[in-house]
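Go by the hints and put chain B onto chain A.
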Amino acid sequence: MSAPKRLLEDPETAAALRSDLHSVASHQVNFDLAAGIARFEASLAAGSGAAGSGAAGSEAAGSEAAVASLKATLLKLGMAGVVAGGAVLGIALYSSNEPDAMSTNSAMLTNSAVSTPPPSPAIAPAVTRAATPAAPSAAETVERSDAAEPPVEPVKRATARPAAKARQLPAASSTETRDDLLQREIQNLRQIRQLVSANPGQALALANEGHSTFKGGVLYQEREALALQALSALGRRSELEARGDRYLRAFPNGSFSNRIRQLLGR
Amino acid sequence: MAESQAHSEPLLDAGELFRRHARFVANFLWKLGIAAQEIDDLVQEVFVVAHKRGGFVEREARPTTWLAEIAVRVASTRRRSLGRAPRQVDMDDAATVPATSPGPSDIAEASQGLERVQRALDAMDLDHRAVFVLYELEGESCEQIALILDVPVGTVFSRLHTARKNFQKMHNRLLTLDKTRRTA
Chain A
1 MSAPKRLLED PETAAALRSD LHSVASHQVN FDLAAGIARF EASLAAGSGA
51 AGSGAAGSEA AGSEAAVASL KATLLKLGMA GVVAGGAVLG IALYSSNEPD
101 AMSTNSAMLT NSAVSTPPPS PAIAPAVTRA ATPAAPSAAE TVERSDAAEP
151 PVEPVKRATA RPAAKARQLP AASSTETRDD LLQREIQNLR QIRQLVSANP
201 GQALALANEG HSTFKGGVLY QEREALALQA LSALGRRSEL EARGDRYLRA
251 FPNGSFSNRI RQLLGR
Chain B
1 MAESQAHSEP LLDAGELFRR HARFVANFLW KLGIAAQEID DLVQEVFVVA
51 HKRGGFVERE ARPTTWLAEI AVRVASTRRR SLGRAPRQVD MDDAATVPAT
101 SPGPSDIAEA SQGLERVQRA LDAMDLDHRA VFVLYELEGE SCEQIALILD
151 VPVGTVFSRL HTARKNFQKM HNRLLTLDKT RRTA
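The listed protein sequences derive, respectively, from chains A and B.
Heads up: the first sequence is residues 1 to 266, going by this note's numbering.
Heads up: the second sequence is residues 1 to 184, going by this note's numbering.
Hints should not be assumed to be uniformly reliable.
[Unchecked claim] One side of the interface only, derived from the structure: several residues of chain A facing chain B at Cβ under 7 Å:
1. Ala3
2. Ala15
3. Leu17
4. Ala25
5. Val29
6. Phe31
7. Ala34
8. Ile37
9. Arg39
10. Phe40
11. Asn258
12. Leu264
[What the hints assert, rightly or not] Beyond 10 Å from chain B on every Cβ pair, some chain A residues (computed):
13. Arg6
14. Thr177
15. Gln183
16. Ala198
17. Gly201
18. Ser232
19. Asp245
Quick caveat, the hints were computed from the structure, so don't treat them as lab data.
Even for Gly, the Cβ is constructed at its ideal location relative to N, Cα and C.
If we strip away everything but chain A, and leave its shape as in the complex, we get:
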């Protein structure tokens, strides 16, 4: 059996049909790639290690209450598809994604897999959680204190100043909702991405500032990857090596690990 000639390539196809097919074949839907990437990274961060790290089991075992609550939040953010994909079931949206806090995520994943419903405050953003701790387990308490320090080196004053003047991020307030915080974090990431090639110094300052403002933010990995890209562009090799090593230790199979290895020449 041989395949028929494609309608688009067949001279015997009616011209009108060929023309219509061509218009569909070349049609581009409206798709915001930058926003899509930000959302995707957020979902990966929320379910970090989902691929091949045993987290898949925990996805299925997430508690109904946590899922319902999380779903409501994600739906507001237009992330219904992520919910449907099950990538974030039972996993805290705003659980810390910074390297020092990864053990917290692991503990939560394991707990939800066993069947204990995670307490609803687990989906609260880092800022809220810090302000109103909701009876975390003993293990969580210890690990959260470990997560308090962001894994970022102090921003060099000379680099930080112009960016701080131009686009200083407003501090997160205790009344800010989780959605607002995530929207601001996405916006911060967009700015960094736009600047990283044209003005790496400012992009780096914004990334460092973002790490401080969005402690435990779900977009930490991409922000740090962009910071490393900026360091590479600025030729600050020793800082690049130190931060790159720290990233790779924390996320050996992270979404940006291959790119960072390339930056480090490995």
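Using the frame of chain A, we list chain B on its own:
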């Protein structure tokens, strides 16, 4: 162990895969009949599934082929979850087939030709539509489509034959209808 790890290492990391191919997936989902307002969510779903599968690894299929397979499954699940029965439209009812796929913004920018094709595609069930889109619009071979849809290649030929026949018939009717409206 080290060797198997090397073989299973993803060719592209998840973020890079998304960057390179999310637009393709968005357009492909649209061709499969996913409503414009749902595309963003389903693109996310496709890449989350891809990530959970361990990412794209070098194999016979191209990354787009591999992602198309996931997209067909995600679209199929989406249709089932909406309780949308495969649309079986009588060819005589061509004029009544609503253009479900494009949202308001798409309709505004779509040419009549675009709309005709989408409406003709909407008259197919997903099985036939996927084969038609993959073969006619994405240029996949019947053998690759058989792999993507996990069906025998003979089934692909059969679906393609039916899909082409119905598509051409429907398109012709829609074209005639448009001409009649213009001259009326």
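Going down the list of hints, with the structure as the test:
{"no.": "1", "hint": "Ala3", "in the structure": "5 Å, holds"}
{"no.": "2", "hint": "Ala15", "in the structure": "11 Å, violated"}
{"no.": "3", "hint": "Leu17", "in the structure": "6 Å, holds"}
{"no.": "4", "hint": "Ala25", "in the structure": "5 Å, holds"}
{"no.": "5", "hint": "Val29", "in the structure": "5 Å, holds"}
{"no.": "6", "hint": "Phe31", "in the structure": "4 Å, holds"}
{"no.": "7", "hint": "Ala34", "in the structure": "10 Å, violated"}
{"no.": "8", "hint": "Ile37", "in the structure": "6 Å, holds"}
{"no.": "9", "hint": "Arg39", "in the structure": "6 Å, holds"}
{"no.": "10", "hint": "Phe40", "in the structure": "5 Å, holds"}
{"no.": "11", "hint": "Asn258", "in the structure": "5 Å, holds"}
{"no.": "12", "hint": "Leu264", "in the structure": "15 Å, violated"}
{"no.": "13", "hint": "Arg6", "in the structure": "6 Å, violated"}
{"no.": "14", "hint": "Thr177", "in the structure": "21 Å, holds"}
{"no.": "15", "hint": "Gln183", "in the structure": "15 Å, holds"}
{"no.": "16", "hint": "Ala198", "in the structure": "19 Å, holds"}
{"no.": "17", "hint": "Gly201", "in the structure": "24 Å, holds"}
{"no.": "18", "hint": "Ser232", "in the structure": "16 Å, holds"}
{"no.": "19", "hint": "Asp245", "in the structure": "18 Å, holds"}
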